[in-house]
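Engineer: Position chain U relative to chain G; hints supplied.
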Amino acid sequence: MARYLSLRILRAVAIAFAVVTIIFFLFELIPGDQAMYIAGPGSTQAEIDALRERLGLNDPVIVRYVRHLVGLVQGDFGTSSVFKADPLSYILARVPATLALTAAAILLTIVIGIPAGILAALSHNRIPDLAISISVVALLAIPNFWLGLLLISLLSVELGWLPSFGFTGWASLVLPSLALAARLIALVARMTRGVMLEELGRDYVRTARSKGLHPSVIVIRHVLRNAMIPTVTVIGLQTGYLLGGSVVIERLFAWPGIGDLMINAIGQRDYAVVQGITLLFVFGFLIINLLVEVLYTFINPRVRAV
Amino acid sequence: MTGATEATISASAMPDTADAPILRVSNLTVRFEMLARTVQAVSDVSFEVKRGETFAVVGESGSGKSVTALALTRLLAVPPARIAAGEVILDDRDLLSLSETELRDIRGSDIAYIFQEPMTSLNPSMQIGRQIAEAVERHRNASQSAAMARARELLELVRMPDAESRLAVYPHQLSGGMRQRVMIAIALACDPRLLVADEPTTALDVTIQAGILALLRDLQDQTGTGLILITHDLAVVAETADRMMVMYAGRKVEEGPVDAVLSSPRHPYTEGLMGAVPRLGSSLHADASKPLAEIPGLVPALDRPIAGCAFAPRCSYATGQCRSERPALTTVGQDHVSACFEHARIGTSP
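As you go down the protein sequences, you meet chains G and U in turn. Position 240, counted from 1, in the first sequence is what my numbering calls 240; the numbers after and before it change by one each time, with no gaps. Every position in the second sequence, counted from 1, becomes a number in my numbering once 306 is added.
You may find that some hints are simply not true.
Simulated restraints, written as ranges between beta carbons of each label pair [what the hints assert, rightly or not]:
1) G:2 - U:470: 25 to 35 Å
2) U:400 - G:138: 46 to 56 Å
3) U:508 - G:10: 54 to 64 Å
4) G:140 - U:400: 44 to 54 Å
5) U:449 - G:295: 28 to 38 Å
6) U:450 - G:161: 30 to 40 Å
7) G:224 - U:479: 42 to 52 Å
8) G:198 - U:447: 39 to 49 Å
9) U:400 - G:130: 35 to 45 Å
10) U:449 - G:158: 41 to 51 Å
Treat the hints as calculated values from the structure; they're not laboratory data. Each residue gets a CB set at the ideal place from its N, CA and C atoms; glycine is no exception.
Chain G extracted, bound-state conformation:
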């Protein structure tokens, strides 16, 4: 187990290093002068040149790359052109809002997606299954920002049940997390249905029936656990994509999270903030994957033995 975990952590570190490198060189390729944005409009060429020199932007790319790596290890993300300071504290201030949104979306996925998939599998080819399967296709086809708009116009504007803008209490979480989770709910419902059907047809289910067990006992005690192995993996892996989806959804609902900050930063050419957020997303993704793998070993005894 310890060996399994340390291997995974080592792999996560290697991936993080690769991503940092790719991001650095991608930003190198983007046209535009960072110093110009930091100096701001109305600065003279001499001021910009001085700033370039001070920020070390005239050094060769390799030197800047190494300096960048050293800085990151020390927690230095560069200088934000908007905040005129280290962007980290500004980014971290936005993290709780995004975490709350993501967590709410995952919670919705678990309490809606998994039961819907189970219900569909148990009513295979009958009305509930058909209704769920059709909803799944619809939800997968609708882009989340458009679903967000529909939710706002129906539940917020027309009916006035829920707030649609910013954070004014826990009710504010409902619409954005629903819009964010919709695709994942559909994906998990479809996945759970498929895996449940597959597991229900397995030989061990017949063995369980031959013991005289009640069908509900067979489903809860035998089938669910085996069906959850791939489902947990999918939820875990898709959680990373929730972060990407949150950029759009946060913008739509004016949600004060890092996605919203990122859009602003891109608009303002604030490289340090964009880079910081991208890295945060990457680390978030890796940490989630690591957690999924740890969880996976707990529900799948076959992996634990390796």
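Structural biologist: Positioned in the frame of chain G, the structure of chain U alone reads:
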């Protein structure tokens, strides 16, 4: 084995309550009703199993033997399967007319199953101790700890080395033979009167097969449970069974004491099956140098009624009558029946 066979024969000649059948199946017919077609997998099959007896059901894949076994306690998936006719009598009760709830009390308690694939027939994510204990808990009203103690006893009974520590082991940590022992332990959990073993040794190495068969025989001697042994392996039948039934295309084509059937088969299909078994040295057929015979042709499709004898197209004895009229089961020896018009000619080597 010979002794047991003789005992069986004399017992059925003079009915005796001690040797009354524990299970009586009559006219069992099972259909699989699918969208485009209906397949009649089992047609009008009748047989009995007596206390302590091993009754072998033999046939190729698709002959309906596994479907017959699963139909006994309605373990088939409904739909597509439908038991169209027949009775399965256990203790004067027809299992086929019981409710699902009543039937669940019988499954695992009176009738228990041992399935073919020990790899897939056990739950991969549950400790084997729990898988055995849950059968005990289900029927014995036992506490978890009492059921687990019973599970340990059962593992010892099936000669699992180091039983205590194996309780917490998962199926993938055991070899195929050990997994099959776990399956047997599950089946024996509630001292069933009838065990149904569906190809219990097919997935195992030959050396392990012998061990499992010996184990089953010993357990049967100890507990007096009846055993329905489903197999396509005539060597296994000759080794372990008292009586046998040969199935072809969903019908019983021959039934009788193992000695009688294997020494003088009265159906060309049985004869063909015997010809397809490789032998070392002496054999039931004197000519051991003869190449291994295969039965020409394929098992017929069962989605429409077959005119005449289903085996006729593959049969070297077939006559015009065989192709137009279905032969009924007729007595061809003591307790020995065959569904063949030409049964007297079998063995005359056409």
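Engineer: Hint by hint, note whether the structure agrees.
Structural biologist: Tested hints:
1. G:2 - U:470: 25 to 35 Å: Taking Cβ atoms as reference, residue 2 of chain G and residue 470 of chain U lie about 27 Å apart, which means the hint holds.
2. U:400 - G:138: 46 to 56 Å: holds (48 Å)
3. U:508 - G:10: 54 to 64 Å: Violated, at about 45 Å.
4. G:140 - U:400: 44 to 54 Å: With Cβ atoms ~49 Å apart, the hint holds.
5. U:449 - G:295: 28 to 38 Å: Since the Cβ atoms of residue 449 of chain U and residue 295 of chain G sit about 31 Å apart, the hinted range of 28 to 38 Å holds.
6. U:450 - G:161: 30 to 40 Å: Taking Cβ atoms as reference, residue 450 of chain U and residue 161 of chain G lie about 48 Å apart, which means the hint is violated.
7. G:224 - U:479: 42 to 52 Å: Distance hint for residue 224 of chain G, residue 479 of chain U is violated at roughly 22 Å.
8. G:198 - U:447: 39 to 49 Å: violated (34 Å)
9. U:400 - G:130: 35 to 45 Å: holds (36 Å)
10. U:449 - G:158: 41 to 51 Å: violated (58 Å)
Consistency with the previously given hints fails for numbers 3, 6, 7, 8, 10, ordered from lowest to highest.
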